[in-house]
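Following the hints, position chain B with the ligands against chain A.
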Amino acid sequence: MPKTWRNHALLAYALAILAFLYLPLMILALYSFNESRINAVWSGFTVNWYASLFNNRRVLEALTNSLAVACISTVISTVLGTTGAMALNRYKYRFKAAINGLLYLPILIPEIVMGLSLLVLFSQTAIPLGKVSLILAHITFCVSFVVITVNSRLEGMEAELEAAAADLYATPLQTFRYVTLPLAMPGIIAGALIAFTLSIDDFVISFFVAGPNSTTLPLYIYAMVKRGISPEINALSTLMMLTTVLLIILAHLLQGSPKKASPADE
Amino acid sequence: MEAMIRLEGISKRFGDQVIIPPTDLTVNEGEFLTLLGPSGCGKTTLLRMIAGLETPSSGKIFLADKEVTDLPPYQRDVNMVFQHYALFPHMTVEENIRFGLKMKKVDLQEQDKRVEQVLAMTRLQELRHRYPKQMSGGQQQRVAIARALVNNPKVVLLDEPLGALDYQLRKNLQLELADLQYDLGITFVYVTHDREEALTMSDRIIVMNKGLIEQDGRPGEIYHRPGNEFVAKFIGETNFFDLGDGLTTLLRPEKLNLCPEEGDDGAHPAPHFFGTITDVVFYGTIDKVFVDLDGSKQEVVAYQYFDDARKWRMDERVGIWWYPQDEVKLSK
Ligand SMILES: Nc1ncnc2c1ncn2[C@@H]1O[C@H](COP(=O)(O)OP(=O)(O)OP(=O)(O)O)[C@@H](O)[C@H]1O
Ligand SMILES: [Mg+2]
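Chains as they are written, first to last, in this note's numbering: chain A, 116 to 381; chain B, 4 to 335.
Calculated directly from the structure, the hints in this document are not laboratory data.
On a predicted model such as this, the values are computed, not experimentally measured, just so you know.
The C-beta atom is built at its ideal place from N, Cα and C for all residues, glycine as well.
Don't take each hint at face value.
To give an idea of the interface, some chain A residues facing chain B are shown, with a C-beta separation under 8 Å as derived from the structure [stated by the list, open to error]: (1) A129; (2) L234; (3) L276; (4) A281; (5) A285; (6) T286; (7) L288; (8) L298; (9) D316.
Bound-form chain A, shown alone:
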């Protein structure tokens, strides 16, 4: 029957696209378990490369850097982004649409341009390249994502809820603590997870603004690759990929919940 034939064709097409997207990653993951040092030859299964990663001082140092930068810039950009989203959501002012648009722009601007402009900024303002410049840069591109996720959550929230809290004797601070914040929380956590992921994964911008003592994991991988691809890099990349995927799934699950938790709309 032509219909089932067409279904098969569509399925095959979908699988082809998935393969196109994920095959390189799967091969990378596969070779991280390869006993042989040479990527092209499969000689047996091992987890040695993972073990040796955790004994490599420089890897651990890069990991510490990455985590420190990611944690600090996540916290700061989550606070900034959340308060920013609340301001944008609450107050009416002129050019609101334009300002909202400006927030989306950093997401669309080519990373290399962002990196370059930040580098220029730091050298103009004499901020030394190192962890501080790296954190500032990461905050810059993370904030937009936090604002967007928190904002979409707030938009689904009934405006009258805050009025109801105030009417029930809650001061503005209490209203924030007991009503606004808990209702915005899934959006805030999702925003933080995305910010963390972006920070951990960032290469291009970090490449411009990192200093000698602030090598992050992606920068370290790049440096290693220049000396040839080893199974150790494959192992490291696989771990990073898994972390990213887990964080994104978590963020997605949290973002999916506003419908479930939002006030009655019937």
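Frame of chain A; chain B with the ligands shown alone:
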């Protein structure tokens, strides 16, 4: 009677649009006062100004003789039942109800006691651990009322609390709510655009139009002695007659009586008009009889009760009469 709320010259502008021109209004202690008016006439705005959720453009608000004009909502001893309930979706029924007491830092035992009382009063004990999403509209409605009553405020403001419910449920809750208010003796300011609801529940009705108070009176007064054409039309079906005295004469359909044009016994005031019946519509307890008056295009409607001696039919010739004391005169 003591004045519970006093509005002095209260007005509200949004931008350069005047929503409520300067208005005076007094609500007495323990009263069930209804603000009745068409959609967009400023009922919610007035209520929100009393609650402190909207700042008046001019004027003063007094609550139990204390000026509260500049107090924020959380410092006013007034609670609101919102049009769409505005229940906190992340809290259970019990947590929603307890919220006000918790914010006021009422001691825990007293909190428990009052929450139990209100749960019982609104028959919500079984639902106490539910979230708003897991309840029907009528149940959510009761939670919204319980959440206001539990604080034992001086005034409860209710913004069309039954608007979203179906007819039967609305009828039941109207009576429950009116009883509850009577038993508790708390002052209620109730907003609705449903005239029947206003007439059955209120001690006093304020009819509003475009932010203005058109009439202020007891339900019977408003219904039987409307002060102007707007009130007369808004509160129920009305017939307007010009009897040539320079005034408009107004008669409710149930005050109009019909008699046959020929062979009438004449044991009543003489008919003012004659006409032809154009339609008889069955409405349960009444028949609505539509009559075209002779010599004019005017159609009038008269209610005839089911136990009236005679059934009227289409195309019959009838006289229309009434008792003089049922006339309401309005200047033109
Ligand atoms: N925040 C606001 N900004 C501008 N105009 C407003 C605002 N709030 C209300 N209005 C206007 O004020 C008028 C009165 O509104 P309000 O909500 O008080 O009416 P209402 O009598 O409660 O109507 P309904 O029965 O439909 O609820 C309306 O014309 C409305 O458009
Ligand atoms: Mg309203």
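Structure-based check of each hint:
no.: 1; hint: A129; result: 36 Å, violated
no.: 2; hint: L234; result: 44 Å, violated
no.: 3; hint: L276; result: 6 Å, holds
no.: 4; hint: A281; result: 4 Å, holds
no.: 5; hint: A285; result: 5 Å, holds
no.: 6; hint: T286; result: 6 Å, holds
no.: 7; hint: L288; result: 10 Å, violated
no.: 8; hint: L298; result: 6 Å, holds
no.: 9; hint: D316; result: 32 Å, violated
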